[in-house]
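J.: Protein chains in written order, with my numbering: chain F, 220 to 486; chain E, -3 to 265; chain Z, -6 to 436.
Source of the hints: derived by calculation from the structure; they are not laboratory data. Any given hint could be a false lead.
In the SDA-like style, the derived pairs of lysine to any residue whose C-alpha atoms are separated by at most 25 angstroms in a straight line are [as the list claims (entries may be wrong)]:
hint	chain 1	residue 1	chain 2	residue 2
1	F	K222	Z	K181
2	E	K75	F	G226
3	Z	K181	E	A11
With beta-carbon atoms standing in for the labels, derived distance ranges [what the hints assert, rightly or not]:
hint	chain 1	residue 1	chain 2	residue 2	range
4	Z	D94	F	M220	53 to 59 angstroms
5	E	L182	F	K370	28 to 34 angstroms
6	E	G111	F	G428	32 to 38 angstroms
7	Z	F150	E	L182	41 to 47 angstroms
8	Z	Q213	E	L177	22 to 28 angstroms
9	Z	D245	F	S283	54 to 60 angstroms
10	Z	H382	E	L177	55 to 61 angstroms
11	F	A385	Z	D245	34 to 40 angstroms
12	F	K441	E	I158	57 to 63 angstroms
13	F	G373	E	F87	31 to 37 angstroms
14	E	R178	F	A379	48 to 54 angstroms
15	Z	H101	F	F235	28 to 34 angstroms
16	Z	D95	F	Q311	48 to 54 angstroms
Just so it is clear, CB atoms sit at the ideal spot from N, CA and C, and this is done for glycine as well.
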Amino acid sequence: MRKAIRGIYLIIILLFLYLPIVTLIVLSFNESKSMFAWRGFSLRWYKEMFNDTTMLSAVWNTFSIAMVSALLATVIGVLACVGILQFGKKGQAFLLGINNIPLLNADIVTGISLMLAFIAFGFYLNWGTVLLAHITFSIPYVILSVMPKLKQLGVSNYEAALDLGASPLTAFWKVVIPDIRPGIVSGFLLAFTMSVDDFVVTHFTRGAGINTISTLIYSQVKVGIRPTLFALSTIIFVVVMAVLVIANRGSSRQSSRNDFFLETPQS
Amino acid sequence: MKKLPAVPYIVWMIAGTFIPLLMIVYYGFTDRTGAFTTANILAVFQPVHMKALGLSLGLSVVSTVICLALSIPLALVLKHSTMGREGLIVFIFLLPMWMNFLLRTMAWQVILEKGGIMYHLAHMLHLPFPPIINTTGAIVLGMVYDFLPFMVLPIYNVLEKIDPNIIEAAYDLGAGESTVLRKIILPMCVPGIVSGITMVFVPSLTTFVISNILGGGKIYLIGNIIEQEFTTSANWNLGSGISLVMMVFILLSMAALMKLDKNGEGGMM
Amino acid sequence: MRVDLKQAPGRALKWVIEHGRPRKRAAARETEANAGGKPRRNAAWRTEANASGKLTRNAAAGPEPNASEAAGRTNVQNRLWKGLQMAKTLIELRDICKRYDDNVVLDHFNLTVEENEFITLLGPSGCGKTTLLRIVGGFEQPDSGQVFFEGQDITEFPPNKRQINTVFQKYALFPHMNVGQNIAFGLKVSGKSDSYIRQKVKYGLKLVNLEGFENRKVDQMSGGQQQRVAIARAVVNEPRLLLLDEPLGALDLKLREDMQYELIRLKEELGITFLYVTHDQEEALTMSNRIIVLNNGDIQQIGTPEEIYNEPQNAFVADFIGDSNILDAEMVHDKLVKICGTEFPCVDTGFGENKPVDVVIRPEDIIIREPGEGKLDGVVTHNVFIGVHYEMEIEAGGFTWLAQNTTSYDVGTPVSIDVIPFNIQIMHKPVKPEQEALDLEAE
Chain F
220 MRKAIRGIYL IIILLFLYLP IVTLIVLSFN ESKSMFAWRG FSLRWYKEMF
270 NDTTMLSAVW NTFSIAMVSA LLATVIGVLA CVGILQFGKK GQAFLLGINN
320 IPLLNADIVT GISLMLAFIA FGFYLNWGTV LLAHITFSIP YVILSVMPKL
370 KQLGVSNYEA ALDLGASPLT AFWKVVIPDI RPGIVSGFLL AFTMSVDDFV
420 VTHFTRGAGI NTISTLIYSQ VKVGIRPTLF ALSTIIFVVV MAVLVIANRG
470 SSRQSSRNDF FLETPQS
Chain E
-3 MKKLPAVPYI VWMIAGTFIP LLMIVYYGFT DRTGAFTTAN ILAVFQPVHM
47 KALGLSLGLS VVSTVICLAL SIPLALVLKH STMGREGLIV FIFLLPMWMN
97 FLLRTMAWQV ILEKGGIMYH LAHMLHLPFP PIINTTGAIV LGMVYDFLPF
147 MVLPIYNVLE KIDPNIIEAA YDLGAGESTV LRKIILPMCV PGIVSGITMV
197 FVPSLTTFVI SNILGGGKIY LIGNIIEQEF TTSANWNLGS GISLVMMVFI
247 LLSMAALMKL DKNGEGGMM
Chain Z
-6 MRVDLKQAPG RALKWVIEHG RPRKRAAARE TEANAGGKPR RNAAWRTEAN
44 ASGKLTRNAA AGPEPNASEA AGRTNVQNRL WKGLQMAKTL IELRDICKRY
94 DDNVVLDHFN LTVEENEFIT LLGPSGCGKT TLLRIVGGFE QPDSGQVFFE
144 GQDITEFPPN KRQINTVFQK YALFPHMNVG QNIAFGLKVS GKSDSYIRQK
194 VKYGLKLVNL EGFENRKVDQ MSGGQQQRVA IARAVVNEPR LLLLDEPLGA
244 LDLKLREDMQ YELIRLKEEL GITFLYVTHD QEEALTMSNR IIVLNNGDIQ
294 QIGTPEEIYN EPQNAFVADF IGDSNILDAE MVHDKLVKIC GTEFPCVDTG
344 FGENKPVDVV IRPEDIIIRE PGEGKLDGVV THNVFIGVHY EMEIEAGGFT
394 WLAQNTTSYD VGTPVSIDVI PFNIQIMHKP VKPEQEALDL EAE
């Protein structure tokens, strides 16, 4: 009985969660341009999507920005962790404390503040400003996922490497980095995901010229959605699913990614 | 110099966080000519702004409460699901969360719109079409849909970490199921609940996307006001002033939550 | 499965109290001397030990007999009388089976626990002892079989409906409550009055020597203190049976020893039955009235600490309880056994003639003599001082003997070993294949 209630509750919630997604997937295969009448199965919108240059450039922008910003944020973040640990207790607490500010800030505040700063310092809003903005909000996530690993590692391994004759750089590269790699990987993935998913910050810092997937959807919602967008959603969904399946296989499920993600707001 | 690696980070924090935030403060307290003024801050008392702020607070409280009410039983069910923690159920539940936020919101518009799926469904069942779209109800629905996982996950995460022996100890000491839930499980979930509330309340309070897409552009939340000042109206001073007021509300709510979560590890303040 | 229930339940305890740190073998000898040196395996000896009045029985236990009768006896007699009165069954496990997937943990398991016993389930990890405890506590359901509590079938009862409380291995204190709230939890749940609860919490803390710690947070307490809180939290509910699942496992050595005495004292003071699970033979020997040695879900032996130590019934028990020399031997005839080709007189009878047997000889029972003066000549191959005495390995008769002696013999010294008949413990060869495997391992 109790099991049945649990099951029903779960099913209702899952229906609620998946109804919109299933709707998008179904509509993407609809021959008709109208989203309200079913005119038979078709791949028409997928074909059109690949000819839609605005859409393709939005996809390109989204992933190029995500990739570059995640990489740079990871490098800066890992270096920051190493450097921060060299500070005294108070210095560490302060530096890690300010790390929380962008995390807790509302997206819209981050977005408008960056936009104001870019304009005030004479930046021309384009791909580059979006990139800079994304790096800014990604760095704290990298630090949050790398720092615990680095602290846990301690200095003894690094010192042991030095003791055995390695130069500080070799010791760092061959001993420290491999040991904290799970943290680095999860930090990178998190930064990447945050960048792909971002709309608000991009919206304020992108200028007129460029679109990401999110801003494209936003503008289409205002003027009218074309079914090519449904095709794009379906592809995104499939890709996300594939990536998550692979990620789940690869790491144990207590993946630091989820763990970390959940703990973020607490810290 | 061993501290050298932290330099890029510190520079970036100054350039990317502090200076921009100071810019908001600067704009918020000046007028177009650059002269000091408190008018932008006080503008929040204009009826249209007051109404938007009140509505934002109201809707975000409502959607946070709904999320909380849905999430606690859901997290418990997930914990008990026999498919296992490693398992399918949790994965299935997490999947939609990784979809693009705009897509998820847009999908609800497609469903709810006049002539949309809901319309046809209601027509088929000879029921009256529920005119949800472009109402505050639709906005709340969107908020709950978009932010529900942010509430469930922290709670589930905390639940998962509770030592099963602790729950057994409670039964062992004579507690019945509801007592265990009220006295042991829920109090131990507080850190998860607090972070869940933060993760739902703040984005709900500041959103302009959901209200724009599901509110038909006619319902103004505080986020919409700010967004408009920065885009269409191009009155950055006013936008900054209202943002500052909104930030005060966010800080107040976080402070209240921190108080609630006395056991929370390492506060942000 | 009920074996020798009335035998001297307090002996180990008494000995511990008198002598501090236990060396059981000596204890056993002493008791034996008391008993007039009769052969150990004689049942009459046990009765005599009882009758000698050397028992320390819990004074609080059992119903008070009628007053005039009680007044006529000495204190010692009175306690003894009560001890004998108390053979009342508290818990009975009947034919319990439990399997996890393909892994059979308990196979038709039977056990009876008497009221006011300190009974220990002893065995290596994975032997089913924790499962057994969880079945008694109600945290797990047996696949088949029944659990009786004072004759009532409680197999289906949930944990909160049983008059049983548990002290968990890792304490399982509620982290969001302070010490006082933790201890009060069970009482609050059962709807006791505030004043009663306050009084009980105070009493509980006093019992575990933590007076005044009510308002401490749990995580501000050391491991040993947390353990005490966990015990207080369980006992204030006045359970009939207290289950303890390796409660000292997470503590360091010194603390563990202190807590052992603490638990014995508590048991004495409270007069409740303790069912204790451990893999630590030292712990089991120190505290228990009765030990149940388990392996692979089977009872290997039930007995008092002395019996388990002195008269292991098979090689597994001998090997698990303390260091020992376990050898293949041949029973020539009654009271004569051939070990390493040499005949040793012994005291056992009834093993047949020219039958293969196992022999256990404790290291401290090996007498080291000048070469030629003992039964088996050999050479010392190792010598380590381990405090109080030296532990040596002696190669003799093709076997490496483990010997303990207060005199040190240098490595390479030729010696001769001897064992008095009384200290040779003869056992039947194991019948089960898994025991054979263990024998191989032991060698």
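J.: Determine for every hint whether it applies to the structure shown.
T.: Verification of the hints:
1. K222(F) - K181(Z): 30 angstroms, violated
2. K75(E) - G226(F): Since the Cα atoms of K75(E) and G226(F) sit roughly 13 angstroms apart, the hinted pair holds (cutoff 25 angstroms).
3. K181(Z) - A11(E): The given pair, whose Cα atoms are some 57 angstroms apart, is violated under the 25 angstroms limit.
4. D94(Z) - M220(F): 53 to 59 angstroms: 26 angstroms, violated
5. L182(E) - K370(F): 28 to 34 angstroms: 32 angstroms, holds
6. G111(E) - G428(F): 32 to 38 angstroms: 34 angstroms, holds
7. F150(Z) - L182(E): 41 to 47 angstroms: 25 angstroms, violated
8. Q213(Z) - L177(E): 22 to 28 angstroms: 27 angstroms, holds
9. D245(Z) - S283(F): 54 to 60 angstroms: 57 angstroms, holds
10. H382(Z) - L177(E): 55 to 61 angstroms: 57 angstroms, holds
11. A385(F) - D245(Z): 34 to 40 angstroms: 37 angstroms, holds
12. K441(F) - I158(E): 57 to 63 angstroms: 46 angstroms, violated
13. G373(F) - F87(E): 31 to 37 angstroms: 34 angstroms, holds
14. R178(E) - A379(F): 48 to 54 angstroms: 51 angstroms, holds
15. H101(Z) - F235(F): 28 to 34 angstroms: 50 angstroms, violated
16. D95(Z) - Q311(F): 48 to 54 angstroms: For D95(Z) and Q311(F) the Cβ distance comes to about 52 angstroms; the hint holds.
In terms of the numbered hints stated before, the structure departs from hints 1, 3, 4, 7, 12 and 15, listed from lowest to highest.
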